[in-house]
Structure formats: C-alpha cells, structure tokens
Amino acid sequence: MEVKLSTLAILMLGALIALPYLIPFYWMVLASFRDAATAQEPLLAPVVQTVENYVVVLNTQGFLRWYFNSLVISILTTLISVTISAISGYAFARLDFPMRDKLFLLLLGTLMIPFPITIVPNFILILKLGWVNTYQGIIVPTLAYVVGVFLMREFFKTIPYEVEEAAVLDGATPWDIFFRIMIPLARPALSAVAIYTFVSAWNNFLWPLIVAQTSDMFTVPVGLNFFKTANGQAIEWNYLMAGTTLSIIPTIVIYAVFQRYFTRGIAFTGVKR
Amino acid sequence: MAGTLRKRSFFGYAFVLPALVILVTFVYFPAFYSLYLSFTDYNVLVPTYHFVGLSNYVSLFHDPIFLRSLMNTAEYTAGVVPTQTLIALGLALLYGSENRVIKVLRGLVFIPTITSSVIVSLIFTWIFSPYGLVNSVLSLFGVKPQNWLLNPYAALPAIMSVAIWGTSAYFMVVFIAGLNSIPGTLYEAAAIDGAKSAWKRFRYVTLPLLKPSLYVVIVLGLIGALQIFDLSYVMTNGGPGYSTYTALLYIYNYAFSYNRMGYASAASFILFAIIFILTLVMRRYLEVRRWS
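Chains as they are written, first to last, in the numbering used here: chain B, 1 to 273; chain U, 274 to 565.
Just so you know, the hints here were simulated from the structure itself, not pulled from any lab data. Some hints could be false.
Chain B residues, not near chain U, derived (Cβ > 10 angstroms throughout) [stated by the list, open to error]: (1) 36; (2) 85; (3) 90; (4) 95; (5) 96; (6) 119; (7) 186; (8) 188; (9) 216; (10) 247; (11) 255.
Here are the simulated lysine-lysine pairs, DSSO-like style, with alpha carbons at most 27 angstroms apart [to be verified]: (12) 417/U - 484/U; (13) 473/U - 157/B; (14) 102/B - 157/B; (15) 469/U - 4/B; (16) 473/U - 484/U; (17) 4/B - 473/U; (18) 484/U - 469/U; (19) 4/B - 376/U.
Simulated restraints, written as ranges between beta carbons of each label pair [what the hints assert, rightly or not]: (20) 184/B - 556/U: 11 to 21 angstroms; (21) 168/B - 556/U: 38 to 48 angstroms; (22) 7/B - 531/U: 51 to 61 angstroms; (23) 326/U - 184/B: 55 to 65 angstroms; (24) 557/U - 58/B: 50 to 60 angstroms; (25) 132/B - 324/U: 22 to 32 angstroms.
Virtual Cβ for every residue (Gly too), placed ideally from N, Cα, C.
Go ahead and model the full structure; you've got the sequences and the hints to work with.
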C-alpha cells in the first residue's frame, strides 16, 4: 500500500510539473480559434469561436509558399544528409583505407568550430556562387551532419563481421554489401538520424534568415517572424497563432510517430563521448 | 587480395568524400577565411578592401555596445546553464522511470525541445505581453501588470526563462540515459555499506556516476547559451535599449545590416575564443578519466 501511495504521489507531481511545458501550446491552439478581440484574453475556455484565422493565414499571407519552401528544404536536407551520414559512417566503421582514422578526426574537429564564425564567410561563398535567395544556398552548407556520421559509425561497428565475410567471399563489392546487407540492418539508426535532421531543418532560423531575401523564399520560421513585425507594433495574435499552430504540425506528427528514436539519438550522443 | 584491398580503399574514399568536401568547404575553409577577414575592412558592398591589422579587434574592445552584448551573453549564460542543468536533473529523476504514465508525461514535457525557437519566441512574446498570462497570474496576487519585454531590467531574465523552458527537457534525456547506465547492484552495495536514505544513495552513488552526463549537459549548454540569437532577435530584437543585445545579434547586425563583414568576423572570433576557453576549463574540471 505504501509503495502504491508513493507511486501515486510521483504521478501527480509528474502531471503537475508537465503543466508549464504544455500550457503555452494549449493557449496557442485556443487563441488560433478566437477572433481578434478575444484572442489576447489569457484564461481561455476551450471553445472554437471561429476558423476564420486559418482561412486568412492560408489565403493571403504567403504562408502556403513558406510552408512549401520549408517542406522542400527539410525533405531534401534529410534525404541527402542521411545518405551522407550512412555512407561515411559505414566507411569509417567497416572499410580499411589509409588515413581513415585521421580523416575521421578531421570530421569530428568541426564540432570545435562554432556556427557564428562561419556565417560571414559562408554568406560570401554563397554570394560568389550566386546562391543567395535559393534553396541550394539554404540547404548545401548544412548537409554534413557530424553527429549523424558519428552515430552511424557507432551503429555499423556493432554489426558482426561474419555477416559480411560470407558476402565478400562471394565477390560482393562494398557497394553491394552496403545496400543489400547494411542498410536494411541499420534502419533504426537511419530513422534516428533522419528524424533529427528533418526537425532541425524545419526549425532552423538564422541561416535561412540570412540566405532568404524575398518573401517567396522564406521558410516558415523566417516568414512568421516577418509576419509578426509586418504590422508594426500591433501584433495580430489570432492570425499569428493560427500560423504557429499549422507550422508545428509536421514536427509534432513525426514526434508522435517516432518518439523513441528522438530520445535514443540524444541519449546516444550524451553517453558515448 | 591486393586488388580487393585497393577496391575497398577506393570505396572508402568515395564514401567519406561527400561529408569531407562539405565540411571542408562550409566549416574549415570559412573558419580560416573568417580569421583572415577579421584583419580586413571587408564590406560586401565595396569592391576593394584593405588589410587593417588588429584595428577591428581594438575598435571592438572600445565599443561599449559590443562590451554590453558580451556582458548580456555572459549574464544569460550564467543564469541559464546552471538552472537548466538542475531542472534537467530534477526532470530526469522525476520522469526517468519506466512507468507507463510517466513515459507519456516525459514525452509531453519533451515537446518544447522539438518546437522551433521562433514559434517558442512568438508564444512567449504573448505570455509576457501586458495582457498576457504572466500578468494575469500575478494579478491574482495583487501584482500590477508589467510590460516585461519593454522593461530593461526584466527583458533579459524573461528571455532566460524561455530558454530554460525550451531546453531543459532535452538535457533531461541525457541525464535519463546516464541514470539508466548506473548498475542497480551499486545501489544494493551502497545500502549494505550504510547508505540507507534516498539522499545518501543519490549523493554517493548517483551523483558521482552521473559526472559524464553532467559534463555533456554543461558543455553543450554553455556552447548553446553563448550562441543565443533566435530568442532575443524575435522577442525583443536586442531591446529595450541594448538590454538583450547578445554577441551573436551584434555579429549578425554588423555583418548583414551594416555590411561590415571584416569587423563582424573579428567579433565572431572573440566569441569563438570565449566558447573555446570555457569548454577547455569545463573539460579540466569535469571530465572523468577513463580507466578501461
């Protein structure tokens, strides 16, 4: 009985502590269904007053274009970045070639270089390439995800060598082994990297803010920030909250479906250091 | 076998090439180029530029706004990192068990960390607005409404609290992984040795063994906090006055609003030096020696 009581206490405390993490989202969704006059009221009852805000946001604010841009950028970034992580992680874990470990250290060394010192030269680079205000300008500099390579390398190391030895004797190239044997085995690790990459790309702000110069190239975060300040001081909360609610849908859906991969990826980088 | 070996080498290089090309082009080259630019008066709108020696660095240390931005960044980091570390540890102890309800709650608490910092900033701009949630809660206790984000003393702490709200659950996951890696037998041994209370077990078993996780949380926290940009850009744009102006906001404005890219590069190198030194200091104090 005592044990059950303490479990109950922990559950109640857990529910209580979770509230401050959820109330801001609760309010955001409710405000998005209110008209301008009542959207700012703090203690909203869960009532759908109007769906007008969504209609306005979807029709007139360039919002769909930003959403489309964000989807294109996030999906392309994820596909390319996961491929790069998988092949280099595999090579660093399983293939022997001169300088392999030195090259891996070169790769890890980039973790020592903080993003702020690269933004100015990268912008100049993008400018010289003619990539300002383009998808490739936003995507290409972010494609090599070092933690992803590291994660894939650690994963491939755990696969027993017997698995590929038989294939090597049959004359399979590393290419065959990689696609026929390794990739199917690596699905959990690939999912973790893919999900993390997608969410990072979807939420990225500073780099798209620098590269995207006109509204038609904005991503959702850049566009919503622009939308906030577009009307001077008077922020139209009802429209803005409809926009933010729509914009978190992809990450929330992915999170709901693949939750365990999120925590696995973080836990991995945290423990294996 | 020599042929096979050469073939394997070829595949090895081919497979690591894309990652290395991108990292060399967009991380290593920019880092060195940025150092070079920091000694010039490079301006993207002016076709020629000159070598100016250390004068960018000298000007920066004489610019009260730059010094203010460094102080704000330091204050922000000093407030955010210890607080988020403690909260993350608390959350990990509370949400670390495998109880089904607890796991659901853990999943919900994690939602802020997968949400864009711009969205978080927008929601909290409302929460701290004159008619927002903070004022309505405080009015229940008779506190007069404040305009938190327009108050030079309150704006930075407000942004700090948002940052802590947004990142603590991320670091919770690191701590949970650390907690799960502690063998249960150690607790049994400690109990036999006289560590009867929960506090003693925490103090003498959990805490020492959590040191690797603590190192990760503090170092990642420091690196992230020193690069604070999104929240102050969206919520206050550095204001009111310069009270929430941060180092990266300064770099961004000089590079992309005033086009003074040489000068901005010098500022970014100062920020880099601070991050680098603090990381080394933390490594010295916190990193555990591996005995395997």
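Hints, verified against the model:
With a closest Cβ-Cβ approach of about 13 angstroms to chain U, residue 36/B is found to remain outside the 10 angstroms limit, as its non-interface label requires. The beta carbon of residue 85/B is not kept farther than 10 angstroms from every beta carbon of chain U, the shortest such distance being approximately 8 angstroms. For residue 90/B, the condition that its CB be more than 10 angstroms from all CB atoms of chain U is violated, with the nearest at approximately 6 angstroms. Not every Cβ of chain U is farther than 10 angstroms from the Cβ of residue 95/B; the closest lies at roughly 4 angstroms, contradicting the non-interface assignment.
With a cut of 10 angstroms on Cβ distances, residue 96/B falls inside the contact zone with chain U, its closest approach being about 6 angstroms. With a cut of 10 angstroms on Cβ distances, residue 119/B falls inside the contact zone with chain U, its closest approach being about 7 angstroms. With a least beta-carbon separation of about 14 angstroms from chain U, residue 186/B lies farther than 10 angstroms from that chain, consistent with its non-interface assignment. Residue placement check: residue 188/B keeps its beta carbon more than 10 angstroms from all beta carbons of chain U (closest about 16 angstroms).
The Cβ of residue 216/B lies farther than 10 angstroms from every Cβ of chain U, with a closest approach of about 19 angstroms, so its non-interface assignment holds. For residue 247/B, the condition that its CB be more than 10 angstroms from all CB atoms of chain U is violated, with the nearest at approximately 6 angstroms. Some Cβ of chain U comes within 10 angstroms of the Cβ of residue 255/B; the nearest lies about 5 angstroms off, and the non-interface call is violated. Distance check on the hinted pair: residue 417/U and residue 484/U sit about 44 angstroms apart at the alpha-carbon level, beyond 27 angstroms; violated.
With a CA separation close to 39 angstroms, the supplied pair residue 473/U and residue 157/B exceeds the 27 angstroms bound. For the suggested pair residue 102/B and residue 157/B, the alpha carbons sit about 17 angstroms apart, so the restraint of at most 27 angstroms is met. A distance of roughly 21 angstroms separates the Cα atoms of residue 469/U and residue 4/B; the hinted pair therefore holds under the 27 angstroms criterion. Using a Cα cut-off of 27 angstroms, the hinted pair residue 473/U and residue 484/U holds, with the two alpha carbons roughly 17 angstroms apart.
For the proposed pair residue 4/B and residue 473/U, the alpha carbon gap of about 23 angstroms is at most 27 angstroms, so the pair holds. Between the alpha carbons of residue 484/U and residue 469/U the distance comes to roughly 22 angstroms, so the proposed pair stays at or under 27 angstroms and holds. Between residue 4/B and residue 376/U the alpha-carbon distance is near 17 angstroms, which keeps this suggested pair within the 27 angstroms criterion. Range check, residue 184/B to residue 556/U: about 39 angstroms between beta-carbon atoms, so the 11 to 21 angstroms window is missed.
About 41 angstroms separates the C-beta atoms of residue 168/B and residue 556/U, a value consistent with the hinted range of 38 to 48 angstroms. For residue 7/B and residue 531/U, the hinted distance range of 51 to 61 angstroms is satisfied, since their beta carbons lie about 59 angstroms from each other. For residue 326/U and residue 184/B, the Cβ-Cβ distance of about 58 angstroms falls inside the hinted range of 55 to 65 angstroms, so the restraint holds. The hinted range of 50 to 60 angstroms is satisfied by residue 557/U and residue 58/B, whose Cβ atoms lie roughly 54 angstroms apart.
In this structure the supplied range 22 to 32 angstroms holds for residue 132/B paired with residue 324/U, their Cβ-Cβ distance being about 26 angstroms.
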